[in-house]
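Enquirer: The chain contents come next:
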Amino acid sequence: MLNYVVARIGQAILTLFVLSIVIFLLARVLGDPLVFMLPFDALPADVERVRLQLGFDRPLIVQYAEFLTHLLRGDLGTSTRQHVPVTELLSQRWVASAILTGISLTWALAASIVLGVVAALWRGRILDAAVRIIAIIGQSAPAFWVGIVLVQVFSVWLELLPSGGEGGIDHLVLPAFTVGLLAVAGMTRLLRSGMLEVLDAEYIKKARIMGVPERLVIWKHALPNAIIPTLTFAGEYFGILISAAVVVETVFAWPGVGRLAFEAVFTRDYPLIQGIVLVVAASVLAINLAVDILYAYVDPRIRYERT
Amino acid sequence: MARIDEIRRECLRGALVGALVACASMLSASLPATAQTELRVAESSFSGETVDPINAGVGAGPFVPALFDFLVTMSPNGKPAPGLASSWSVSADGLDYTFNLRQGVKWHNGDDFTAEDVKFHFERMKGGSGPFIGFFAEKIKAIEIVDPYKVVFHLNAPWPDFLNLLGPSDTLVGAITPKKYIEKVGAEEFSRTLIGTGPWRLLEHKAGAYFLFAAVDHPFRPKPSFDRLRVMLVPEESTRLAMLKRGEIDAGVLQFDSVKEAERSGLQILEIPNSVLGTINFAGVWENRTKALNRPTQLDNVNVRKALALAINRQELLQYLVYGKGQLAERFPAFPGAFGYNANWDKDHFPYDPEGAKRLLREAGYPNGFSIQMYAFELSGGPWMPRLAQVVADYWNKVGVKTEIVTTEWGTFGPLIYARPDQLLGQAYVWRVTRSAAPLARIQNFVSADGKALIALVPWDKDYQKIAAEVDNQKREKMFQELMDRLEDTYTTIPIFYVNGIYGASKKLTNFVPYDGWAGLGLSYEYFRPAK
Numbered sequence: 001m002l003n004y005v006v007a008r009i010g011q012a013i014l015t016l017f018v019l020s021i022v023i024f025l026l027a028r029v030l031g032d033p034l035v036f037m038l039p040f041d042a043l044p045a046d047v048e049r050v051r052l053q054l055g056f057d058r059p060l061i062v063q064y065a066e067f068l069t070h071l072l073r074g075d076l077g078t079s080t081r082q083h084v085p086v087t088e089l090l091s092q093r094w095v096a097s098a099i100l101t102g103i104s105l106t107w108a109l110a111a112s113i114v115l116g117v118v119a120a121l122w123r124g125r126i127l128d129a130a131v132r133i134i135a136i137i138g139q140s141a142p143a144f145w146v147g148i149v150l151v152q153v154f155s156v157w158l159e160l161l162p163s164g165g166e167g168g169i170d171h172l173v174l175p176a177f178t179v180g181l182l183a184v185a186g187m188t189r190l191l192r193s194g195m196l197e198v199l200d201a202e203y204i205k206k207a208r209i210m211g212v213p214e215r216l217v218i219w220k221h222a223l224p225n226a227i228i229p230t231l232t233f234a235g236e237y238f239g240i241l242i243s244a245a246v247v248v249e250t251v252f253a254w255p256g257v258g259r260l261a262f263e264a265v266f267t268r269d270y271p272l273i274q275g276i277v278l279v280v281a282a283s284v285l286a287i288n289l290a291v292d293i294l295y296a297y298v299d300p301r302i303r304y305e306r307t
Numbered sequence: 308m309a310r311i312d313e314i315r316r317e318c319l320r321g322a323l324v325g326a327l328v329a330c331a332s333m334l335s336a337s338l339p340a341t342a343q344t345e346l347r348v349a350e351s352s353f354s355g356e357t358v359d360p361i362n363a364g365v366g367a368g369p370f371v372p373a374l375f376d377f378l379v380t381m382s383p384n385g386k387p388a389p390g391l392a393s394s395w396s397v398s399a400d401g402l403d404y405t406f407n408l409r410q411g412v413k414w415h416n417g418d419d420f421t422a423e424d425v426k427f428h429f430e431r432m433k434g435g436s437g438p439f440i441g442f443f444a445e446k447i448k449a450i451e452i453v454d455p456y457k458v459v460f461h462l463n464a465p466w467p468d469f470l471n472l473l474g475p476s477d478t479l480v481g482a483i484t485p486k487k488y489i490e491k492v493g494a495e496e497f498s499r500t501l502i503g504t505g506p507w508r509l510l511e512h513k514a515g516a517y518f519l520f521a522a523v524d525h526p527f528r529p530k531p532s533f534d535r536l537r538v539m540l541v542p543e544e545s546t547r548l549a550m551l552k553r554g555e556i557d558a559g560v561l562q563f564d565s566v567k568e569a570e571r572s573g574l575q576i577l578e579i580p581n582s583v584l585g586t587i588n589f590a591g592v593w594e595n596r597t598k599a600l601n602r603p604t605q606l607d608n609v610n611v612r613k614a615l616a617l618a619i620n621r622q623e624l625l626q627y628l629v630y631g632k633g634q635l636a637e638r639f640p641a642f643p644g645a646f647g648y649n650a651n652w653d654k655d656h657f658p659y660d661p662e663g664a665k666r667l668l669r670e671a672g673y674p675n676g677f678s679i680q681m682y683a684f685e686l687s688g689g690p691w692m693p694r695l696a697q698v699v700a701d702y703w704n705k706v707g708v709k710t711e712i713v714t715t716e717w718g719t720f721g722p723l724i725y726a727r728p729d730q731l732l733g734q735a736y737v738w739r740v741t742r743s744a745a746p747l748a749r750i751q752n753f754v755s756a757d758g759k760a761l762i763a764l765v766p767w768d769k770d771y772q773k774i775a776a777e778v779d780n781q782k783r784e785k786m787f788q789e790l791m792d793r794l795e796d797t798y799t800t801i802p803i804f805y806v807n808g809i810y811g812a813s814k815k816l817t818n819f820v821p822y823d824g825w826a827g828l829g830l831s832y833e834y835f836r837p838a839k
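Taken in order, these protein sequences are the chains called Y and B.
Numbering follows this note's numbering, with no gaps: position 46 of the first sequence is 46.
Numbering follows this note's numbering, with no gaps: position 305 of the second sequence is 612.
You may find that some hints are simply not true.
[To be verified] Facing chain Y, from chain B, some residues (calculated, C-beta under 10 Å):
1. K491
2. G493
3. E495
4. M539
5. P580
6. T714
If you're looking for bench data, these hints aren't it; they were derived computationally from the structure.
Using N, Cα and C, we set each Cβ at its ideal position, and we do this for glycine too.
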């Protein structure tokens, strides 16, 4: 097990190194950040002065070496647009994103467990059909449309919840629901399929024959086996939710990393683009590693194979 | 079977409990309290959120004027007005500007404002990246402190736009920053804590979310009626409108499409006259340029350009694109009430005459028209720009000029036009100009052969230099008007309309004082009063 974890960490570090080169080059392909920093009618001398100040006149290899040296010290550079260290910008926005994504994923997982089990138990009945319709709507409705409709219904018409911005728990309800809806759809369908497959398994039939209470058959024996693909999906979904959240953060004025990433790309803020991509990549890798370890814990067969 | 029924009952019970919890939390969620002592304003973009004036672009308009003061500020009619300098004088040769500074002005940390701060700020400015810093660096020879409340700027050459550029109209770099505080804590800490002399003191800045200020007594600006000011970032238009309707904000920037709905909802519309001028420009079409590159284009012929101008129904554009919130434009880049504007200009220099356009095209040798590309993109203050391009393309299609819209964004188009690529020769692009108190400085790149590549409309360097060096304001203005008249007759740029800046606001907000042409509320916060 320890060898497995160490090998996975090594792979993650190599992935991040390659990614640092790719994102460094790709950011520069996007265009010149000075068109956003200076007005159109800035003097050519002004443009050159700022270019020299930022070090963009140096060869790319020199710029990358400096970037990598700082990265190894935990310094992601300074935003060219905001003149603030990238780590500071990220730490301010990361908390907001983590809260939104964490709550979204949590409610999505909880809801998909309930919906998936309900759909499997009531297979072929109205409840099953209703759950599948919810899943289809969740997967096909665009997040920005869902968000705007929710604001109109719950904020403007019913006046129950705030329209946007940060604040108390009530400010999280609509954005978390919107972000999580996408995940609920996929996870519910996955869990429903898993439950249907597992409920037909021989060991489940044996458990029933042996008189195990049905509650335990479903929740202790069937669900842990059925949920494994769903957990893997949830781990991969974390990365998707971060990027999908940019739309939701825009609609609800939630100050998260998604919106920051969009602005960074739009304004060609190289250090910020690099910092966000690397931090998000590191997070996704860490989450996937955690899921794999959890996977091994849930399914003892994997644990024994690895040892 | 009984066991499955039991499980089903448990699932149903669990679902009901969950629904009840959700309802309880929604019902107990507190609705936002309408705080009469907090003015809440929503903007669509914070640009860079950099509030240090030497690095701030005009996107920092919502914050810099609230926190800081300028040596020479702007009055609501757009003219220079006393700021931190209570008065000033200019030497006969236009090389020395003496400013008498107000006494008793304090920084937000209690330090006194003196001439040391002024000199420190302009020297520190050389390391910044804000607009027009190059002008200041090039033209200011030395800054002399005569006494703690008198400072003299010695220039290298006469600079008639100097006073205007010290104020907030074109750039925010003139907002004075504190010497003692910055020397004590460093520039990076200053950019976080931001001490100024303005009527609003920074309480909190949450990146990507809001700036929160507290009102403070001020020696020469009105004391705000609100105790606090919160400027929030709400990028989505429908969310801003929803927040306005719900009373979560007191004012928010709106696009023209939302105006009718805002009015139907009982909100008021605040208009800032003539904030932006929309135009259609032709890239690098003057004869010298295309001859030099040996790339003649259809647009080299002034009658072809005139035909394209006649094909545009500007009144219709004003009415239906910006809902009449503005007026037709006469000259590029003049703004009503600003330097260089002539109220007697012919209001119909570009009549709508599609038949005349077709005739001119025939006479120019294009009876069947030709093809052209129109680059469409959006700039801040110009959300209508892509639509303007589409409608103008439609007008041109109707007179036989087949127009292909190239949808792009500024990050891609900007470097393209700087680099003088041949592909842009003879093509058109949509443009917008913000109101300027120093339009002569702004026009430099458009009338200089060394100006930014293909945006340069005509190579009139000598004319421009002569005007820029003229010290007599009246003479200079007349020369500038003549230059704009000549530019108009080249049809290298087609001014379409001046557009008003639009904010939706609660009817509980009164006493709105717009600053003519200054897009934004940054100078108006302290005037707002809650309705009784």
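Enquirer: Now tell me if each hint is right for this structure.
Expert: Comparing the hints with the structure gives:
Nearest Cβ of chain Y to the Cβ of B:K491: about 19 Å, over the 10 Å cut. The hint is violated. With 10 Å as the threshold, the beta carbon of B:G493 stays out of range of chain Y, its nearest partner Cβ sitting at about 13 Å, so the hint is violated. Taken as an interface hint, B:E495 checks out: its beta carbon lies about 8 Å from the nearest beta carbon of chain Y, inside 10 Å. Taking 10 Å as the C-beta contact cut-off toward chain Y, the hint placing B:M539 at the interface holds, the least distance being around 6 Å.
Hint status for B:P580 relative to chain Y: violated, with the closest Cβ pair at about 22 Å, above 10 Å. Look at B:T714: its Cβ only gets to about 15 Å from chain Y, farther than 10 Å, so that hint breaks.
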